[in-house]
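From first to last, the protein sequence lines stand for chains B and S.
Taking my numbering, I'd label the letters of the first sequence as residues 79 to 797.
Taking my numbering, I'd label the letters of the second sequence as residues 280 to 511.
Derived from the structure by calculation, the hints contain no laboratory data.
Treat the hints loosely; a few may be bogus.
[Stated by the list, open to error] In silico DSS-like links for lysine-lysine, alpha-carbon gap of 27 Å or less: (1) B:Lys-283 - S:Lys-353; (2) S:Lys-360 - S:Lys-303; (3) B:Lys-370 - B:Lys-283; (4) B:Lys-81 - S:Lys-409; (5) S:Lys-303 - S:Lys-353; (6) B:Lys-359 - B:Lys-379; (7) B:Lys-455 - B:Lys-591; (8) B:Lys-458 - B:Lys-470; (9) B:Lys-591 - B:Lys-283; (10) B:Lys-591 - B:Lys-562; (11) B:Lys-283 - S:Lys-303; (12) B:Lys-104 - S:Lys-360; (13) S:Lys-353 - B:Lys-621; (14) B:Lys-283 - B:Lys-379; (15) B:Lys-104 - B:Lys-148.
[As the list claims (entries may be wrong)] If we take Cβ atoms under 7 Å as the criterion, some of the chain S residues that face chain B in the derived model are: (16) Glu-296; (17) Ala-433; (18) Tyr-438; (19) Glu-463; (20) Ser-465; (21) Gly-470; (22) Gln-471; (23) Ala-474; (24) Gly-492; (25) Met-493; (26) Asn-502.
[Said to hold, decoys possible] Okay, the calculated bits of chain B under chain S, using three or more residues with CB under 8 Å as the criterion: (27) 118-126; (28) 135-143.
Where a beta carbon is used, it is the ideal one built from N, C-alpha and C, also for glycine.
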Amino acid sequence: MIKPDRIVTTTCPYCGVGCNLELHVKDDFIFKVTSPFDSPVNHGNLCVKGRFGYDYIYHPKRVTTPLIRKTKQEAGRRTQAFDLSEWREVSWDEALDYAADRLVEIYKRGGSDAMAVYCCAKATNEDNYLLQKMYRSIFRTNNVDHCTRLCHAGSVVALQQAVGSSAMSNTASQVIQNDVFIVTGSNTTENHPIISLQMKEAVQKHGAKMIVVDPRRIELVDFADLWLPLKPGTNVPVFTAMAYVIVTENLVNHDFINDRTEGYTEFLASLEDFTPEYAEKISGVPAEDIRKAARMYATAKNAAIYWGMGISQLSHGTASALALIHLAFLTGHIGRDGTGLNPLRGQNNVQGASDMGAMPFHYPGYMRVDNEDNAAKWEKTWNIEAGGLSRKLGLTTTEILSHAHEGGVRALYIMGENPMMSEPNLNETRKHMEQLEFLVAQDIFINESGAFADVFLPATPFAEKDGTFSNTDRRVQRVRAAQKPRGQSRPDWQIICDLALRLESRLGRVTAKWDYSNPEEILREMAGVNLDYAGITYERIDKVGLIYPVPNMNHPGTPTLFKDSFPRGRGKFHVLDYVPVMEEADDEFPFILTTGRVLEHWHGGTMTRNSALNEAYPEARVQMHPADAEMHGIRDGDPVKVQSRRGEVVLRATVTEKTTVGVVFIPFHFAEAAANLLTNDALDPQAKIPEFKACAVQVFPAREDELAHPDVMLSRGRY
Amino acid sequence: MTENVTLTIDGKQVSVESDTTLLKAAQQIGVDIPTICFHEATTSNALCRICVVEVEGQRLLQPACIVKAAQDMKVRTRSEKVVRARRTVLEMLASTMDLSDAPEILTMMDEYGASAERFPDAERRESEVKDDNPMYVRDYSKCLLCWRCVQVCAEDAQYTFAINFDGRGFETQIGTFFDRSIPETSCVLCGQCVAVCPTGALKPKREFLLEQGMSPNEISVLNTGRKRRKEK
């Protein structure tokens with residue numbers, strides 16, 4: 079038996095569930111991970127990533143020395159350098175001085191609009207707060223965003239418009255209190271594995287009924303009472319037809335509508351066309367099943383809705399989320415335990431990074447940047463002269479890159495993100511990256527995006543730093559260092575502070591304060607203005623986290639929101655139109671491609687593809703329905719070429735009834751067959767979220783030698 | 280609503296809700312009953328019998344992990360009969376399986392004066408280490424068939440149903456459908472089975488490799504090149 083030197087409790091770095099981990103460390107090597115069985119979040123259960131997926135920390139390709147590119151990169155001719163031989167190992171001083179010199183030079187020449195930064199939903203609250211503070215206080219720009227734009231921006235905007243808040247209204251563990259719940263656009267089993275366990279438990283042990291609304295026959299369908307297999311991008315007609323049924327069969331909660339909402343009359347008038355038969359024609363879901371689902375949801379004592387990217391990642395993602403919100407307004411299934419509107423957040427700290435103001439329209443605490451009072455508060459906190467902060471809304475993730483040209487964004491700072499895998503239409507993304515004049519990458523590996531950088535700042539992963547993550551439940555939990563940073567790598571917050579001081583002195587700015595002695599001081603500075611976090615200290619969340627809002631030091635946290643009112647006052651109904659996806663299937667591109675994740679991998683793959691997880695799931699696969707496969711002469715395991723108007727990839731096919739006829743599915747983790755080469759960069763006009771969930775493709779048989787790695791073959795019973 | 284019942288455990292009175300097990304009732308008054316197959320997170324099945332207690336009026340010893348408290352019940356947790364039964368359970372375990380990774384059971388053996396040599400002719404349940412997936416190894420020579428792994432894989436946590444009992448009687452072993460390798464089953468590699476294994480029969484691969492004498496650096500470069508896979 080191996081006796082650990084120490085066991086360190088911390089929070090999982092993968093998904094938004096925020097499972098509690100115990101890292102067993104021997105000689106600065108994590109050899110085992112366990113979880114306390116009394117954890118309020120995950121009750122001791124973990125998924126394969128949480129329990130085994132930490133070995134990337136020790137991967138030989140991890141970069142632990144600051145690097146500068148040997149060949150000077152020029153805008154328009156920027157190249158990728160994955161190999162260490164193309165980089166020069168330098169000291170931290172040299173790397174930071176070089177970064178500071180170049181950033182300041184570009185800022186002096188191009189002004190605030192030339193500067194932009196990607197914060198990181200994997201990094202801590204403290205890291206994200208500091209990075210947005212650096213860009214806002216020093217470069218006076220709001221060109222600050224992170225991958226929330228690519229996942230739940232549609233949900234966030236819809237919830238802001240309709241209720242005035244943008245997190246889950248209830249906690250995931252309340253799912254066992256639901257009598258009926260809808261899961262839509264979320265393959266929960268693979269993306270939030272521990273929440274799916276609670277969903278299965280709710281059905282199997284607590285008598286709850288589950289309705290799955292999803293174009294794929296996901297595993298939860300095995301546990302569902304009803305499955306509505308809609309065509310990708312037809313959420314608005316399906317859910318609005320449910321609203322139609324609830325209204326026409328008089329299943330509405332009139333008291334709730336009268337007391338808590340506004341805009342009902344206009345909404346009612348707009349419902350007329352959304353009959354279940356109309357929705358059936360568009361979505362393919364039988365009208366009778368839409369009626370059944372509506373009745374089940376509306377007549378339940380407690381009902382809740384859980385949703386994922388299938389709602390938000392559409393060019394009408396905001397409308398899709400509003401259609402769900404309407405169901406809760408009509409029935410009053412919100413504001414009580416076991417009900418609610420629950421967007422399942424993807425990343426471990428996407429909720430926190432958003433709370434920290436890593437967004438172009440908001441300071442920490444969702445305070446609009448174009449509001450004078452808000453700006454004044456942060457000017458005071460950051461020692462900035464009145465009127466010093468920019469009031470101009472910044473660019474979003476996708477816009478930052480599309481503005482990378484002469485007169486636009488010239489310098490980009492990327493902390494931990496990988497747009498060269500996660501943006502839609504990657505061929506276009508590549509052109510934009512090439513146009514940058516200067517790129518800083520702060521990461522643990524040279525990934526597809528970092529390979530474009532001029533300077534690489536080696537940061538530490540979750541197990542080598544202290545801080546906090548805020549999970550999808552709004553629970554703020556501790557992250558603790560289990561071992562020393564490897565090599566010369568440093569925690570993100572320290573890197574940012576050192577760079578910020580250099581920038582301030584070069585620009586002669588009054589310091590906004592960067593001399594923190596520990597991350598808690600950073601959190602407390604933020605909590606002085608973002609009052610949702612006012613009552614959170616490291617001591618209070620030492621054992622279990624606190625669910626914000628925590629307005630003061632004695633407040634126990636708020637698991638269920640909106641008990642008496644909504645933040646905007648009354649919940650607002652919105653009139654919706656059905657807008658089809660931007661690119662529908664046609665003769666030339668007869669399939670709809672939808673993208674997502676698999677259990678074993680994480681997003682762009684920086685962590686999981688450098689882990690034993692990659693052995694468990696080593697190659698990209700495209701899922702096709704047997705009927706489609708037969709028609710195209712494709713057998714399970716055959717190499718195929720999938721082509722869209724924007725790009726093509728070659729990968730093996732998995733022939734499976736997990737997808738529906740006419741819909742193919744590719745996970746987006748695999749650089750050698752990147753699904754995002756194919757996806758459509760059409761944006762939702764309000765949320766600016768791209769339409770990852772639907773684009774038209776064609777599938778052709780291909781040859782083995784066209785595969786990037788023909789010798790690799792996924793061989794798993796469950797896939 | 281459950282009613283309260285009052286019972287006596289080792290001469291001490293305790294009042295508990297009527298659906299409380301004897302194990303939990305004893306815990307409430309600080310009486311320690313040993314357990315092996317019991318786990319807070321799994322359904323109790325009274326398989327290992329180490330938690331047996333004597334209940335007045337009952338001919339057979341009763342497993343405290345499942346028997347519920349009842350009004351006026353008189354329970355003895357350390358009677359001679361109980362101690363002898365526990366010692367025998369431990370001696371039978373030690374005679375058939377490898378307890379080297381089960382320090383808690385070894386401590387119990389000391390406590391109960393159990394001898395690993397009590398049944399010298401017993402056939403040991405030997406098994407090769409199964410190393411068939413990237414995440415964990417299975418050494419069923421160390422398995423005492425507590426059923427916890429099977430339960431967490433099923434309704435106690437995962438609803439995955441990748442493993443179950445295989446074989447009958449002495450031949451019983453935890454196995455997969457048609458003895459397939461773990462990657463070929465419905466296994467999600469969550470390792471929940473590893474988390475509840477009381478005897479080290481299931482172990483994270485990395486821990487296993489450290490025990491085999493590999494250094495962290497050697498382990499970290501394993502399989503970092505591209506892995507060749509067999510054609511189907």
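Structure-based check of all given hints:
no.	hint	verdict
1	B:Lys-283 - S:Lys-353	violated, 33 Å
2	S:Lys-360 - S:Lys-303	holds, 21 Å
3	B:Lys-370 - B:Lys-283	holds, 23 Å
4	B:Lys-81 - S:Lys-409	holds, 23 Å
5	S:Lys-303 - S:Lys-353	holds, 15 Å
6	B:Lys-359 - B:Lys-379	violated, 31 Å
7	B:Lys-455 - B:Lys-591	holds, 15 Å
8	B:Lys-458 - B:Lys-470	holds, 18 Å
9	B:Lys-591 - B:Lys-283	violated, 53 Å
10	B:Lys-591 - B:Lys-562	holds, 26 Å
11	B:Lys-283 - S:Lys-303	holds, 22 Å
12	B:Lys-104 - S:Lys-360	violated, 43 Å
13	S:Lys-353 - B:Lys-621	violated, 39 Å
14	B:Lys-283 - B:Lys-379	holds, 17 Å
15	B:Lys-104 - B:Lys-148	violated, 38 Å
16	Glu-296	violated, 20 Å
17	Ala-433	violated, 10 Å
18	Tyr-438	holds, 5 Å
19	Glu-463	holds, 4 Å
20	Ser-465	holds, 5 Å
21	Gly-470	holds, 4 Å
22	Gln-471	holds, 6 Å
23	Ala-474	holds, 6 Å
24	Gly-492	violated, 11 Å
25	Met-493	violated, 11 Å
26	Asn-502	holds, 6 Å
27	118-126	holds (count 6)
28	135-143	holds (count 4)
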